[in-house]
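Based on the sequences and whatever the hints tell you, model everything.
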Amino acid sequence: MKTNIILAGVGGQGILTIAAVLDTAALASNLNIKQAEVHGMSQRGGAVQSHVRISDKEIYSDLIPKGKADMIISVEPMELLRYLPFLKKGGLLVTDSNPFVNITNYPELDKLYTEIKSHSNTLLIDAKKIAKDLGNSRATNIVLLGAAASQLPLSDESLQQAIKSLFARKGERVVEKNIEAFNKGKEIATEFIS
Amino acid sequence: MKKLLLGNEALAQGAIDAGISGVYAYPGTPSTEITEYIQRSKTAKELNIHSQWSVNEKTAMEAALGMSYAGKRAMTVMKHVGLNVAADVFMNMSVSGINGGLVVVVADDPSMHSSQNEQDSRYYGKFAMIPILEPSTQQECYEITKYAFDLSEKMGLPIMIRLVTRLSHSRAGIEIGNRIAQNKISLPKNPTQFQLIPMHARGRYQHLVDIQSDNRESSENSCFNKNIEGKDTSMGIIAAGIAYNYLMENYEDGECPYPILKVSQYPLPKTRIKNLFDNCEKILVLEDGYPFIEEIISDFLGENRNVIGRLSGHVNRVGELDPDSIKKALGFEVEITESIPKVVSGRPPELCVGCAHRDLFDAINVLGKEDSNQQVFGDIGCYALGVLDPFASINTLIDMGASITMAKGAADAGIHPAIAIIGDSTFTHSGMTGLLDAVIEDTSITVVISDNSTIAMTGAQDSAASGRIVEICKGIGVDEDHLILITPLHKNLQKNIDLIRDEINHKGVSVIIAQRPCVQLPKEKKDKLKKLKKISLN
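Same order as they appear, the protein sequences are chains U and E.
This note's numbering puts the first sequence at residues 1329 to 1522.
This note's numbering puts the second sequence at residues 91 to 628.
It is possible that some hints are incorrect.
As the list claims (entries may be wrong) - Calculated pairs, DSSO-like style, for lysine-lysine (alpha carbon to alpha carbon, straight line, at most 30 Å): (1) E:Lys-364 - E:Lys-321; (2) U:Lys-1457 - E:Lys-432; (3) E:Lys-92 - E:Lys-135; (4) U:Lys-1514 - E:Lys-92; (5) E:Lys-432 - U:Lys-1456; (6) U:Lys-1498 - E:Lys-581; (7) E:Lys-597 - E:Lys-620; (8) U:Lys-1416 - U:Lys-1445; (9) U:Lys-1498 - E:Lys-620; (10) E:Lys-279 - E:Lys-236; (11) U:Lys-1514 - E:Lys-93; (12) E:Lys-372 - E:Lys-418; (13) U:Lys-1492 - E:Lys-372; (14) E:Lys-132 - E:Lys-236; (15) U:Lys-1498 - E:Lys-621; (16) U:Lys-1417 - U:Lys-1385; (17) U:Lys-1385 - E:Lys-92; (18) E:Lys-132 - U:Lys-1498; (19) U:Lys-1498 - U:Lys-1512; (20) U:Lys-1330 - E:Lys-321; (21) U:Lys-1439 - U:Lys-1460; (22) U:Lys-1416 - E:Lys-432; (23) U:Lys-1492 - U:Lys-1330; (24) U:Lys-1498 - E:Lys-616.
Keep in mind that the hints were calculated from the coordinates and are not lab data.
Structure below.
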């Protein structure tokens, strides 16, 4: 078993929180993990990504080869498409629908959505709104993680436990909100697929 | 349970467990997290391990050498270009040798993710004639660091550990071993060892040359250099450091048919390489960075042995390696995967909303429109983004401190206005000496120190300049009438333009300190800054 996940977004959008949940859950499940991330200059409002690899066998490369990612989880719709060369045939795309516009040549949203929807296995969701409705708009990333959860090699329990331990120092309410966000994401994904 | 650590953090944990008494470093991507890990470590605090940032890489390495002189284990950490700054002490301390174990960690940045070049530090290691260690996994980062300190004391030499960005900034689960105690103070047995006057230095250099065979033997027997058998001898593969991972990634369960030599310790193990040569028809060299190994083992006249790699053009010569880039050299078809849809725009990094550098560039750009002769010499830091649109304010960007000195040289050549823009920490790192050059000749340059009171680009480390810049400038001899403090805010734009224009028109050195803290600074750091001595200007 080997699962390759690309996390995408813009510097500061919290993709490393998703990575941390995946890492923690994988380690607690006695799986091997490698997770490459971006530090330094590109973090400043630029495109960022993280390669997460989870396996019960030895993992060699820190980087996912092209065409071998089982899924891309993106907190921003245009950033999702930037990593398509990594996606395997029929791989899963999960993304928030809200654009982060900090460039003058940001594409028209309709064109972006049309391109995203042209892929078969896609979850294009307004995760920001879902998180906001739950009372914590900062949990957008966890909604997206929840939406991808059924395709991960990690149990819901291990992911929820990881969320609990990672957010513990921020207080019980933040933990609760993030667990709710995770569950809501999972629910939405089920609706999409059915 | 295993501990989830970046390659950098695993290395830092290895250093703590190897009994270091201090780490000396200046921040620089991709090396920064090594020192930060030790700064955060409770164990390191309890053990009183020194971990405060140094002013630059040279002061850091010299302090580490001083700790080694005292008999204790010390580590110095930098990015690849940082080693250029520390090259003076680096080249001489391999001649003196060390007392307590001394490890130099250098993180290279192939593909220049956050750097101005992709120089390969292994050349420096070879230049200094010291062993180099190049881990391939996060676990090896941990193990190899402990090994490095033992090796250092065994050989009496500083040891280089070379990292690359992808190893530094990738996490994995790490098994942590035991920690050994720190060394006690013990001065060098040979009183002339560290006295490199020519008559002693000649002896030390001869000694360094003489022990090269020991270095090579250590490599031959190193548990980090590994021969892996393979049935298909039409090709043998030498894979160094992280390149080994990219090689194995291309084979299901790592079942590579070719014989492999994994290299993680240098000087190159000659006998092992000879064996590979004797048994294989050709040799493929996979290494991240420059074609260092390939160049050494290639037949210069190209008549005898077939060696391929980055130099021969079988693997990309520039940029980092990855599992895909080496496919062709391994004889695999490169599969065509989906391309990036046309609708996707580039998203380069940018200055934060509300960043003080923005307001400074706005003023500089207005002045540039007033006088098209204006040249702006930039420096290393977030403000390097001023090269890009929408600002496009900066004409040059070369190395730490070059803004002031290049502005001086250009002014000497007749350029006016010649403006240098340098950050506060870059100023104390390498700008002060250049400013003294300009003061001595009272060169007509305008130095703008964009003081956000932190080392922002690498994650808001404390700046050595905080609370000291004015006194430093006065001490260097800047005329106080032309030492100006401004606050870069939009509401001050016109006032700041007028103040800078006045200083441009001054025939001589002016220093303008544009001061406003980085917007990314956490609250506790902002509060700490407030407690610092208030900047005073008469």
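Check your understanding: Under the criterion that the straight-line Cα-Cα distance not exceed 30 Å, is the pair Lys-279 of chain E, Lys-236 of chain E satisfied?
Key -> Satisfied, since the Cα-Cα distance of roughly 24 Å is no more than 30 Å.
Are the Cα atoms of Lys-1416 of chain U and Lys-432 of chain E separated by 30 Å or less?
holds, 19 Å
Are the Cα positions of Lys-1498 of chain U and Lys-1512 of chain U separated by 30 Å at most?
holds, 21 Å
For this session: Verify the proposed pairing of Lys-1330 of chain U with Lys-321 of chain E, using a straight-line Cα cut of 30 Å.
Result: With Cα atoms ~27 Å apart, Lys-1330 of chain U and Lys-321 of chain E stay inside 30 Å; holds.
Decide if the proposed pair is consistent with the structure: Lys-1514 of chain U and Lys-92 of chain E, CA atoms, cutoff 30 Å inclusive.
With Cα atoms ~29 Å apart, Lys-1514 of chain U and Lys-92 of chain E stay inside 30 Å; holds.
* Is the hinted pair Lys-1385 of chain U and Lys-92 of chain E satisfied, with a Cα-Cα distance of at most 30 Å? -> With Cα atoms ~16 Å apart, Lys-1385 of chain U and Lys-92 of chain E stay inside 30 Å; holds.
Item to complete: Assess, step by step, whether the Cα of Lys-432 of chain E is no farther than 30 Å from the Cα of Lys-1456 of chain U, and give holds or violated.
Response: holds, 26 Å
Query - Lys-372 of chain E paired with Lys-418 of chain E [C-alpha distance capped at 30 Å] - result: holds, 15 Å
*Would the pair Lys-1417 of chain U and Lys-1385 of chain U pass a check requiring their Cα atoms to be no farther apart than 30 Å?*
holds, 23 Å
inquiry  = Would the hint linking Lys-1457 of chain U and Lys-432 of chain E be met if the CA-CA limit is 30 Å?
reply    = Holds: Lys-1457 of chain U and Lys-432 of chain E sit about 28 Å apart, inside 30 Å.
Does the alpha-carbon distance linking Lys-1514 of chain U and Lys-93 of chain E stay inside the 30 Å limit? With a Cα-Cα distance of about 29 Å, the restraint between Lys-1514 of chain U and Lys-93 of chain E holds, given a limit of 30 Å.
Lys-1498 of chain U and Lys-616 of chain E were given as a pair; does the straight-line alpha-carbon distance stay at or below 30 Å? holds, 21 Å
Hints 6, 7, 13 from the list above are not met by this structure, while the remaining hints are.
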